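Enquirer: Once you've looked at the hints, go ahead and assemble the two chains, each given alone in its own frame, into the complex.
Chain residues, written in single-letter form:
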Amino acid sequence: MSAFLASAVETVEALTIVLAMGITRGWRSTLTGAAAAGLALAAIVAALGPALTVIPIDVLRLVVGALLLVFGLQWLRKAILRASGWRAVRDEGAVFERERAAARTAPHQERAGLDWYAFTISFKGVLLEGLEVAFIVLTFGTTQGSIGLAVIGAVAAVVLVVIAGVVVREPLSRVPENTLAFAVGVMLTTFGIFWGAEGAGVDWPGGDASLPAVLGFVLLVSLGYVSALRRRKLMPA
Amino acid sequence: MKRFAMFWWDFLVGDDWRVAVGIAIGFGLTAILAATSVPAWWLLPLAVAAVLWLSLRRVVP
Numbered sequence: 001m002s003a004f005l006a007s008a009v010e011t012v013e014a015l016t017i018v019l020a021m022g023i024t025r026g027w028r029s030t031l032t033g034a035a036a037a038g039l040a041l042a043a044i045v046a047a048l049g050p051a052l053t054v055i056p057i058d059v060l061r062l063v064v065g066a067l068l069l070v071f072g073l074q075w076l077r078k079a080i081l082r083a084s085g086w087r088a089v090r091d092e093g094a095v096f097e098r099e100r101a102a103a104r105t106a107p108h109q110e111r112a113g114l115d116w117y118a119f120t121i122s123f124k125g126v127l128l129e130g131l132e133v134a135f136i137v138l139t140f141g142t143t144q145g146s147i148g149l150a151v152i153g154a155v156a157a158v159v160l161v162v163i164a165g166v167v168v169r170e171p172l173s174r175v176p177e178n179t180l181a182f183a184v185g186v187m188l189t190t191f192g193i194f195w196g197a198e199g200a201g202v203d204w205p206g207g208d209a210s211l212p213a214v215l216g217f218v219l220l221v222s223l224g225y226v227s228a229l230r231r232r233k234l235m236p237a
Numbered sequence: 238m239k240r241f242a243m244f245w246w247d248f249l250v251g252d253d254w255r256v257a258v259g260i261a262i263g264f265g266l267t268a269i270l271a272a273t274s275v276p277a278w279w280l281l282p283l284a285v286a287a288v289l290w291l292s293l294r295r296v297v298p
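Residue numbers (my numbering), protein chains in the order written: chain E, 1 to 237; chain V, 238 to 298.
Hints are computed from structural coordinates only; laboratory data are not their basis. Hints are supplied without guarantee of correctness; some may be wrong.
Said to hold, decoys possible - Going by beta-carbon spacing under 7 Å, a handful of chain V positions derived as facing chain E:
(1) Gly251
(2) Val256
(3) Ala257
(4) Val258
(5) Thr267
(6) Ala268
(7) Ala271
(8) Thr273
(9) Ala277
(10) Trp278
(11) Leu281
(12) Val297
Said to hold, decoys possible - FRET-style restraints, in silico, Cβ to Cβ:
(13) E:Ala102 to V:Arg255: 41 to 49 Å
(14) V:Arg255 to E:Ala213: 26 to 34 Å
(15) V:Val296 to E:Ala101: 24 to 32 Å
(16) E:Thr179 to V:Ala261: 37 to 45 Å
(17) E:Ile57 to V:Ile262: 18 to 26 Å
Said to hold, decoys possible - As a list, the in silico SDA-like pairs of lysine to any residue whose alpha-carbon atoms are at most 25 Å apart:
(18) E:Lys233 to V:Asp252
(19) E:Lys233 to V:Phe241
(20) E:Lys78 to E:Pro212
(21) E:Lys78 to V:Ala268
(22) E:Lys78 to V:Trp254
(23) E:Lys233 to V:Pro298
(24) E:Lys124 to E:Glu97
(25) E:Lys78 to V:Val297
(26) V:Lys239 to E:Ala40
(27) E:Lys78 to V:Ala286
(28) E:Lys78 to V:Trp246
(29) E:Lys233 to E:Asn178
(30) V:Lys239 to E:Leu128
(31) V:Lys239 to V:Ala257
(32) E:Lys78 to V:Asp252
(33) E:Lys78 to V:Trp245
(34) E:Lys124 to V:Lys239
(35) E:Lys233 to V:Arg255
(36) E:Lys78 to V:Ala261
(37) E:Lys233 to V:Val297
(38) E:Lys78 to V:Val250
All values derive from a computational prediction rather than experimental measurement. For every residue, glycine included, the Cβ atom is placed at its ideal position computed from N, Cα and C.
Isolated chain V (complex conformation) (with noise of 0.2 Å):
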């Protein structure tokens, strides 16, 4: 059960949890924004550009 579990856990979330998290916490904000006549669009491809960048600079020091 545990392997499994973890198999799941390394296919989708991969080998930076932190990504997952970025992306959850974008789609948050994006849907707040979303939900005020201000317009979102923009949030979600920026958000997705720093968290990948984050993600890149744990490994390159």
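Isolated chain E (complex conformation) (with noise of 0.2 Å):
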């Protein structure tokens, strides 16, 4: 569920900057970086995927969990602030509009058969994107002793969202994003917190049966959060 919600999240943001060069500098060139970064993040996953699990458990659990809760922090960070009012909510219209503009400036340069700007802007824009369902992937992968699952959870997000993108033909504006991006947020953290806590060596109350509490904590406390900084921005300077 996690590696689903976050390819989805980024996926959407992805096929933003895919839309905008496809439609301002033609398709071949955009679907092939897109294609390539695809090619690139597949074969970091085959590359580390068999490296992690040569690691003992608990440093493992260790590593994991500490990189979950670096980024699941940085999620649930960016989804507090947007949710109470104190960052702006990404606007995939605005950025479609932003790399459009570019586009349409940036000179044609052809390399390979290429227009190479479309090729870079959006292999970039899928790779930088897919970097952190990657590892995401590769964690939960990992840990739980399938990242075949987790790689089925993060394609069937990619394959929806593209479907969605195609049918609509414009940014996935509607997607309720940082909804997605605080459920990815807290389930990151929730996961980095267990499996973190295991690799330092404690033992959590009834074992499996405590990771609801956690997450319960977890969201708890992000929703106290939203609700204390939105009284802050309401409050009279």
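Expert: Next comes the structure, spelled out in structure tokens:
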């Protein structure tokens, strides 16, 4: 579920860039760039996946926990600031128009038979948005013993979002991106705390049964922070 | 090389390096407490909540 939701959010953002490039500069170079980035992400997962499985489980939990906490708190921090009004909600329509304006004025340079600008922007957009998803797939997959399942979750989200993008032929502005990002942040932080603490030598009361309690704690704390920051926003200066 | 290092710094550490430092301190304290006979499971959730609040308050005046 975490890999699916994280992939959905990042795919919406990557789709905006790919759509802007494709509509403005043509689809062949844009889709080649996106496909090349997809292959690079698949290669990263395929190369690092088996390497991670040879790490001792306690060390793996500590490393995975730390990574998930770092990523999770980044997602959660942004989502809380956006939900409480202290940071602008990402506007896919505005990003789309900005990318199109830049694509219109960029010079045409052909390399390997491709429009190099469309190729590189599309490649970078998909690779950068997808890299975090690749790490989430790797961390969840290795710790739960099923990288394949995490990959299926992430790819399913990509397929769904791309189908939606092809159907509406515009950026997916109505996707509740911040709500999804909030959910991803809560889940990554929860698993980061749980596995990281285990890796540091903690025995959770009740073992795995305490995971829902950690999830509830993270959710309540996060919602409490949103509420507190909203009140602060409404306070007269 | 510098741009490559900057990319990974930004990717792993993000907007606020204090969060990464706070997490590292939280793990360290949890490991120390877990090595004693005192239950340590409560420490990391509280540390994470505190780190998140401090990071948010850096943005919100």
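Enquirer: Each hint needs a verdict: does it hold in this structure or not?
Expert: Going down the list of hints, with the structure as the test:
1. Gly251: holds, 4 Å
2. Val256: Constraint on Val256 of chain V satisfied, holds at 5 Å.
3. Ala257: holds, 6 Å
4. Val258: violated, 11 Å
5. Thr267: holds, 4 Å
6. Ala268: holds, 4 Å
7. Ala271: holds, 3 Å
8. Thr273: Because about 10 Å separates Thr273 of chain V from the closest Cβ in chain E, which is outside the 7 Å limit, the hint is violated.
9. Ala277: holds, 5 Å
10. Trp278: For Trp278 of chain V, the interface hint holds, since the closest Cβ of chain E sits about 5 Å away, which is under 7 Å.
11. Leu281: Holds - the Cβ of Leu281 of chain V comes within 7 Å of chain E, reaching about 5 Å at its closest.
12. Val297: holds, 6 Å
13. E:Ala102 to V:Arg255: 41 to 49 Å: violated, 33 Å
14. V:Arg255 to E:Ala213: 26 to 34 Å: holds, 27 Å
15. V:Val296 to E:Ala101: 24 to 32 Å: At 29 Å between Cβs, range holds.
16. E:Thr179 to V:Ala261: 37 to 45 Å: The hint (37 to 45 Å, Cβ to Cβ) is violated, given that Thr179 of chain E and Ala261 of chain V are roughly 30 Å apart.
17. E:Ile57 to V:Ile262: 18 to 26 Å: holds, 24 Å
18. E:Lys233 to V:Asp252: Status holds; Cα separation ~21 Å.
19. E:Lys233 to V:Phe241: violated, 38 Å
20. E:Lys78 to E:Pro212: Cα-Cα ~23 Å, so holds.
21. E:Lys78 to V:Ala268: Violated - the C-alpha atoms of Ala268 of chain V and Lys78 of chain E are around 29 Å apart, more than 25 Å.
22. E:Lys78 to V:Trp254: Holds, because 14 Å separates the two Cα atoms, which is no more than 25 Å.
23. E:Lys233 to V:Pro298: Holds, at about 9 Å.
24. E:Lys124 to E:Glu97: Answer holds: Lys124 of chain E to Glu97 of chain E is near 18 Å, not above 25 Å.
25. E:Lys78 to V:Val297: holds, 12 Å
26. V:Lys239 to E:Ala40: Given that 25 Å is the threshold and the Cα spacing comes to 22 Å, the pair holds.
27. E:Lys78 to V:Ala286: holds, 15 Å
28. E:Lys78 to V:Trp246: OK: Lys78 of chain E and Trp246 of chain V at ~18 Å, within 25 Å.
29. E:Lys233 to E:Asn178: Holds, at about 18 Å.
30. V:Lys239 to E:Leu128: holds, 18 Å
31. V:Lys239 to V:Ala257: holds, 21 Å
32. E:Lys78 to V:Asp252: holds, 10 Å
33. E:Lys78 to V:Trp245: holds, 19 Å
34. E:Lys124 to V:Lys239: holds, 18 Å
35. E:Lys233 to V:Arg255: holds, 24 Å
36. E:Lys78 to V:Ala261: holds, 21 Å
37. E:Lys233 to V:Val297: holds, 9 Å
38. E:Lys78 to V:Val250: It holds: about 14 Å lies between the C-alpha atoms, which stays within 25 Å.
Of the numbered hints given earlier, the model fails hints 4, 8, 13, 16, 19, 21; all others are met.
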